[in-house]
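In case you want the letters, here they are:
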Amino acid sequence: MAFALDEQQQMIAETAAAFFAENATSERTRAAMANGIDRDLWRGYCRELGFGGLMVPEDLGGAGLGHVELAIVAEQAGRTLAAIPLLGHAMATAALLASGDRAAIDVHLPAMMAGDRIVAAGERGGEGMLVPHAAQCDLLLLLCEGGSHLIDASAATVEPLKSLDETRPLARVLALAGDPLPGGAALCEAARATGVLCLAAEALGGAQEALDRTVAFAHEREQFGRPVGSFQAYKHRLADRAVEIEQARSAVWWAACALDEGHETRALALHAAKSFCADTYLRVAGDMIQLHGGIGFTWEHDAHLFFKRARAIANMLGDGPHHRERVARIMLDEAA
Amino acid sequence: MAFALDEQQQMIAETAAAFFAENATSERTRAAMANGIDRDLWRGYCRELGFGGLMVPEDLGGAGLGHVELAIVAEQAGRTLAAIPLLGHAMATAALLASGDRAAIDVHLPAMMAGDRIVAAGERGGEGMLVPHAAQCDLLLLLCEGGSHLIDASAATVEPLKSLDETRPLARVLALAGDPLPGGAALCEAARATGVLCLAAEALGGAQEALDRTVAFAHEREQFGRPVGSFQAYKHRLADRAVEIEQARSAVWWAACALDEGHETRALALHAAKSFCADTYLRVAGDMIQLHGGIGFTWEHDAHLFFKRARAIANMLGDGPHHRERVARIMLDEAA
Amino acid sequence: MKLGFSDMEEAFRRECASWFEDQMAGEFADIRGIANLVDKPERRKAWERRLAEHRYSCIGWPIAWGGRDATLNEQVIFAEEYARAGAPNRLNHMGVELLGPTLLALGSSEQKARFLPAIAEGTAIWCQGYSEPGAGSDLAAIRTRARRDGDEWVVEGQKIWTSLAQFADMIFVLARTEDGTSGREGLSFLLVDLDQPGIEIRPIRQINGEAEFNEVFFDGARCPVANMVGAEGEGWTVSTTLLSFERGISTLGQQMQFRNELDAVIAAAKRNGKAADPVFRQRLAEAEIGLRLMRYGALRMLADGKGGALAGAALTYKIQWASWRRALGELAMDVLGQEGEVAPVDAEAWPLLANLYLYSRADTIYGGTNQIQRNLIAERGLGLPREPRGNA
Amino acid sequence: MKLGFSDMEEAFRRECASWFEDQMAGEFADIRGIANLVDKPERRKAWERRLAEHRYSCIGWPIAWGGRDATLNEQVIFAEEYARAGAPNRLNHMGVELLGPTLLALGSSEQKARFLPAIAEGTAIWCQGYSEPGAGSDLAAIRTRARRDGDEWVVEGQKIWTSLAQFADMIFVLARTEDGTSGREGLSFLLVDLDQPGIEIRPIRQINGEAEFNEVFFDGARCPVANMVGAEGEGWTVSTTLLSFERGISTLGQQMQFRNELDAVIAAAKRNGKAADPVFRQRLAEAEIGLRLMRYGALRMLADGKGGALAGAALTYKIQWASWRRALGELAMDVLGQEGEVAPVDAEAWPLLANLYLYSRADTIYGGTNQIQRNLIAERGLGLPREPRGNA
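Protein chains in written order, with the UniProt record's numbering: chain A, 1 to 336; chain B, 1 to 336; chain C, 1 to 392; chain D, 1 to 392.
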């Protein structure tokens, strides 16, 4: 047991933080909102950083790292609301590797790792199939009952939509053709687990950034002749959010380790991480608007981008009540 | 529409407030905790104040008032945690009057109105029948599926218990004999409605008193060289509770009027009042402890008496989730 | 204490309901149920005039000034039926509900004669110039200045968060008229024509993509000296009086809009099955209870006049509805799930519930943030010590 | 980053588990699972001595002082197995976890030699004299005084909320040793024998009817000058060091007690059917998640040493567990309903869950209220401005 970043992980965290801080600026993200992906950023991520094959084994040309490292990187991407297809990419990587389908791996992974082939991933939901980046992608990974499909985007009918979170727009997949990947439900679960972790880590990063920016504002902005951050109600609100973010970080690390180590708490950890981190992000982003006052609900300020991303994450791959119900099943010894 | 106390109601409120403030002191309530009822206080309430027949028609020797007046009085009783059997008394009065059973009315009401005959009332719950004052009463009113029983206490087997709320102790009714009152389910509903209103009003009064005492403490107590009430976190907490108490007051008045006027929102109002007022009381009483600091969790301080009464009210005649589910049924147009 | 209305009042209710229904099903069907605040301003101005033709523009005002001297209960009924029929939000809310009552209370005879008829006739739309970039929650920090130039005040400065200024004819402004003053001293309350070269209005785009609020720049804007309400330097008192009208009858109409929003959430929950989910049923019930308690709270507030409990109920109303509506927005999105996050690519505005979700984040900020409201409740309602001001 | 333990560590876990099981199933079965803090003090003292016999009383201490120089992971394992076996709360928590490490860090050789062995051997039970009637959350307002009299300090004043003083042998006291000082200046840290005429201990009855806390009155109580830890006037620094040990390994043991409490709630919910109610299932899941995140938060805190994120995680731990446990108490009562409010007439103590409900109200107060914790997090963790002190 050593529940802290090791030196390599610390380095990855710093590298990713610097990369996103420099490149995924508010201006670039807002520019990317027109078509949903900052393709230069994504190519830089895949090639310059070399993170396109983060979880791909070294013998397949990847970095051979695990979910802990994915979580570290996704947290930094989430911090800046980077408009990149990391979620679909990570899920598809996990699915391909889990499938053991060497042909599919050889066909898709190299182009994916180079940032040239963009994957959107989603699952069949209640009323339809709303998939992030479905209107921008080259490949579609669709999780269905009992299996997954990896389909060429041209083989699907996709309706683009106006999305609340324009940094990762949803589109509706209306019809699809294509063969399921071998591996069935297990593969589906591998992809979903990776996706859930990725979202939880993104949420952690977004929440941390939203808190940090609000703390900075609290120092600068004065009302009643005092920095607003000197008001105790303000301080306590931020303190509560800071506590939740610490818990969220524990949740992400726990889930990432549990995935990599095949720990017995794996399922519990993922459900806990997704629900807790998404809720935390919702609260912090909501407070970010509230505590900025009027400026916080203008279009020009970034607060609404965090707020909308938080909502999108909360709704993706199972909402809070869904994941908590799964936790209840596990803790109450019922069939999973 | 005139949603304010009229002159007579204002006078009743003031009279009751003065009576309880003078007589239902902390010392007397604590003394009464040994056996659960302050019998002198109850006789004073029934005879001197003349409230023993508050809701009894004038031709039966009562004051001929309604649920609005009951709510006004119960609020004041709740303020002081008065150790009196008001709940059972009000429920039994409502049940007897609704039954139209003239014989039962003649037998019981005069002695009840004089404060000489004490009634405990409760309903069959999940695991047993825990009834407040069941170990102290002369008469037992029991609400069961489809009907009510009004039974001489000697005809029931009662197990006294140590209760969290010693100002209104529970006891377990193990076995009972006796005939149901005529009137069936309708009578049962009348008694329950009156009981629910009484509890909601008590909760309102208790919450108001707990808030008032905490506000007073906030002025007196200093920490870090300032009155604790000058700390914004303290102020905002109390402000939030004050908002809830205002809502709770609206709920009680709404429910009381709706009962008296046979308003279409009657059922909705009762469910809303019970769940909202009980929740408010729980929060205010919890904050009363918290905001008093160490002294707040000592036996000597009254905070725990409010806290325990709040809990008891929350659990009686349906808990919060139960009443909210009933609200959901009504609002979603399902069978009540 | 009584919930029900008298027979005469119920008759008035039917009269209102029937007229609104005629209008909303007929000539004004195109603006029925319009939730958006910035759509179709010209049609809404026409609607203001139509109300005036029927003497329905300001029924609580005295008959002499175009009102009906309506009783409190009649005003309650009117507000409820207005909203129930889906009549649009009043474009001239500020004129009818805030400035009008303020002039009736504190205006000179000349001011009443000059300004009230146009409000009653629906021909002058008003907006409010209070907040400034450095004085959002802290109105006493106002820096907009007005200096005397002969028979006129000349105004310099900037207001912000001015709702609907882009459609308004007039603005009431709190400006500093005495050099060297700070805080609440030296402020005056001025009525300024927006249609003049010294004024520029810039809409502020909000989180939902629309622009209801504006920045208003004053660069040598002018108004006659006779347009000052109250005495010079007494603007703070005037503005306090004006704000005291804020939580009046119109809240009941606002609640009907909330009702429509809650009904939309209920309908969505029924459609997608969440209405059968016990966890969501608890939250739906809480929303229903909260809305009902707002109504009965408003009725208490109105019935109680200025005495006793009013202080409590009125003080607590803003935070109550703003918090309720924000929570409803969250519930709406939780009910809708991902479907709530999307709209057709060519949609100009967000659907009702997505817009509720976004816009309700502003509810807890404008007109006094929840934090400011809690200060007020604690200080004025509970008598706790005031927050200290800093040294700036 | 790694969750799992090594084979050697797992072997140590089995060794601990087996010894604790032997003890708790055998000679100490009568105090197994005792949640109440004040029951059977003599038996618990015997248990302290038994731990010492097995060199299990302070395994994190150096071998030279009776410990095992155990690694962090071993200490984690020990704490978890200790609690898992239902071994009772350590009567000498203050001595082992707080004073001992403080003396190891700051004590003189003589002080170590005099005080550490008795702690390690389980023969001297310690309690803490910090809070005072006028200095609850505000330790800097301490008024207890100690004046020099030859080779001794003579202590006058009163401490309050002193946990388990009625069973303790020794108390460490923060007292003002310099006249005319206030705040953090002029305080010294003294080790005082409780068994002397100048000391009176009065238990404080709590909300649950029991008395864990005490008032301790000092009226000419004495201790040798050599019993001062750190320099004269530097008591604040010593006490800060001591408090920094508060959130250590023992939190993991405490969490096993929380686990038992949550399991009791789960069992109750299964018994009465609430475990099938989706509304309660959500809350049970939240409790489970909260407990797990406490564990992983504590592991992060420990693994991280004194660096970086520790500041955050350690600062946030107190409010986390206290709020979690208070919420669990509420959940327990909601699950149990009225049945949770009663006990047999002759019951001396409340059953586990009713006691949890009551006692957990103190958790968010003692050792720094939630309000104080939030101040600390905001000021030390987030760097926001400090709360101003008043003039008193």
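Just so you know, the hints here were simulated from the structure itself, not pulled from any lab data.
Just so we're clear, the structure is a prediction, and the values are computed from it rather than from any experiment.
You may find that some hints are simply not true.
[Unchecked claim] 20 angstroms max Cα-Cα, derived DMTMM-like pairs, lysine to aspartate or glutamate: (1) K270/C / D319/A; (2) K162/B / E348/D; (3) K162/A / D346/C; (4) K270/D / D319/A; (5) K270/D / D319/B.
Okay, the hints, checked on the actual structure:
Pair hint K270/C plus D319/A holds up; C-alpha atoms about 18 angstroms apart against a cutoff of 20 angstroms. Between K162/B and E348/D the CA atoms are separated by roughly 10 angstroms; this keeps the pair inside 20 angstroms, and the hint holds. A distance of roughly 8 angstroms separates the Cα atoms of K162/A and D346/C; the hinted pair therefore holds under the 20 angstroms criterion. For a cut-off of 20 angstroms, the pair hint linking K270/D to D319/A is broken: about 25 angstroms separates their Cα positions.
Annotation: proposed proximity of K270/D to D319/B holds, straight-line Cα distance about 18 angstroms (limit 20 angstroms).
Hint compliance for this structure: hint 4 alone is broken.
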